[in-house]
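Asker: Once you have looked at the hints, place chain R with the ligand on chain L.
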Amino acid sequence: MSHIPSSEITPEQLFWQRRRMFGLPMIAGASAVLAACGSAAPVSQELPAAPEAPTTTGAVVGPSDELGNTLTPYETVTGYNNYYEFTTDKERVKDVAAGFVTSPWNVVVDGLVAKPRTFGLEDLQALQAAERIYRLRCVEGWSMVVPWSGFPLHALLKLVEPTATAKYVRFETLNDVTRMPGQSEPWYQWPYVEGLRLDEAMNDLTLMATGVYGKPLPAQNGAPLRLVVPWKYGFKSIKAVVRITLTDTQPTSLWMAAAPDEYGFFANVNPRVDHPRWSQADERRIGELGRRPTLVFNGYKDQVASMYTGMDLRKFY
Amino acid sequence: MTATRPRLPTYIVLLLCVAPFLWYSGVVIIRGVPRDPIAALTSWSGTASLLLLVASLAITPLVRRAGLKAIAPWRRPLGVSAGLYALAHTLVYLGLDYGWAWSFIWVNISSKRHLIVGTVSMALFIPLLITSTRGWQQRLGARWRKLHFLVYPAAIAAGLHFLWLVKTDIRWPVVCLVAIGVLFALRLRRRAIASR
Ligand code: HEM
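So the protein lines, in turn, are chains L and R. Residue numbers for the first sequence, in my numbering: 1 to 317. Residue numbers for the second sequence, in my numbering: 318 to 513.
For reference, chain L alone in the conformation it holds in the complex (with noise of 0.2 Å):
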């Protein structure tokens, strides 16, 4: 930035550089400052006619995602969090969960599958590993862009072997509210459960995820293991995973047991489908000021449509 006379700093320049003010003490390290100087992916100020631009498949490492959009920093993404097994407070879960121990940590697959099995983080280790950058776009009208390592969920799936049966795969948290202080919370049927139909389990977006930035998953990040499925509002890729089994009827999962009216099995990204009491059509990512269009399916539109072709998306949410 400091090459351009100042007689060439446009008004819209100067809008960005306020945009990266908020920016500007989180970023964490050389490659961050240098995505953000190339930051300037222009928030539309109209309405735009449902975006759906094509993507790749987002295993591309690197300052941004496959869009262009820069990584939201390390100090955000492990600094705000929605996890209400800890607290509802986003900004605090990082503290309440300081020293929540990870370790041993063992997730029975079972169910509808060939070979049950207990597996211990160690065996985890030895899948294969992935590093991807996803759009983490939460149901509330906020995203993060987050660089994720860990194994696709095909990986672990197969060697299980599910039966022909099997048709869903139903995740389960920790429930222990020794560790997980918010489990005390009376509105919520604790564990927190999760579900996904097996084809989309098996798509090879759908990831466990071990680490962040390279690093080991922290607590308030659903360490030791959590699932990240980016086409899906946040609250789908369940956290600190204790459970993964195998059905042939769909799981309930906690949001729709709270409010079956409000939150469906399917929870894909939709800016065309409204939430009952909002609208889907814009977000904030973290960090930035205004508004960005939502993108259907969060962006993974080639990747996953053909899953859903012949749905009625609004009916099933």
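Hints are computed from structural coordinates only; laboratory data are not their basis. Since we're looking at a predicted model, the values are computed, not measured. Quick reminder that beta carbons are idealized off the backbone N, C-alpha and C, glycines included. There's no promise every hint is true.
[Stated by the list, open to error] Derived Cβ-Cβ restraints for the label pairs, each shown as a range: (1) R/455 x L/189: 58 to 64 Å; (2) R/462 x L/189: 48 to 54 Å; (3) R/408 x L/117: 55 to 61 Å; (4) L/248 x R/443: 57 to 63 Å; (5) R/487 x L/178: 24 to 30 Å; (6) R/423 x L/189: 33 to 39 Å; (7) L/178 x R/427: 41 to 47 Å; (8) L/261 x R/433: 14 to 20 Å; (9) R/412 x L/261: 32 to 38 Å.
Answerer: Below, chain R with the ligand without anything else, positioned relative to chain L:
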């Protein structure tokens, strides 16, 4: 009654009005700048506004029933600062959160019932803020009281705004709405007695 009214130093009520600002400044100093500053500013200004609003509405019953005559002059500054925090709250939403992108703002507000009632509340606040000076009070005479009765619908709308925006834990919004309801009922009763 006016001649013997005890007086309290003005700075006490001014301190009350800026207390939320000082409190949240302290939060920033101790805990650092929030990761989502816009959400924090929205939440803080909204909370400050609603608390000061309830405090302002509580003054008259406290003066009349609990005999705390000295705090009678607090009603107006508390109400005005509630209105100013609400204005800041709305400007954070319009300017920082949405960057004045009116098409997005329209879609967003019209799709959320809690934002619709929030807008109603803010719309009621604006004439009250403008006419909150002594000059306007004198100019409007008896109509000023009628106009400023709108603070009750504004408070109820703000309470509903709060109730409808929380996900599941409705304890605080319910406390606020009950307080507003009780204060409104007391006011209506006084009006009924006065007109008898
Ligand atoms: C144009 C009018 C208004 C708009 C657009 C607006 C918008 C918002 C938004 C966006 C939030 C955050 C929750 C969410 O994500 O939806 C919020 C929270 C809140 N607002 Fe408003 N608001 C308005 C007027 C008011 C007024 C007039 C008051 C009070 C007198 C108020 C009090 C509150 C309170 C108490 C909260 C909750 C704070 C918290 O606990 O986090 N709002 N408002």
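Asker: Next step is simple, just say for each hint if it's right about the structure.
Answerer: Going down the list of hints, with the structure as the test:
| no. | hint | verdict |
| --- | --- | --- |
| 1 | R/455 x L/189: 58 to 64 Å | 60 Å, holds |
| 2 | R/462 x L/189: 48 to 54 Å | 51 Å, holds |
| 3 | R/408 x L/117: 55 to 61 Å | 56 Å, holds |
| 4 | L/248 x R/443: 57 to 63 Å | 58 Å, holds |
| 5 | R/487 x L/178: 24 to 30 Å | 27 Å, holds |
| 6 | R/423 x L/189: 33 to 39 Å | 37 Å, holds |
| 7 | L/178 x R/427: 41 to 47 Å | 45 Å, holds |
| 8 | L/261 x R/433: 14 to 20 Å | 19 Å, holds |
| 9 | R/412 x L/261: 32 to 38 Å | 33 Å, holds |
Comparing the model with each numbered hint stated earlier shows that all of them hold.
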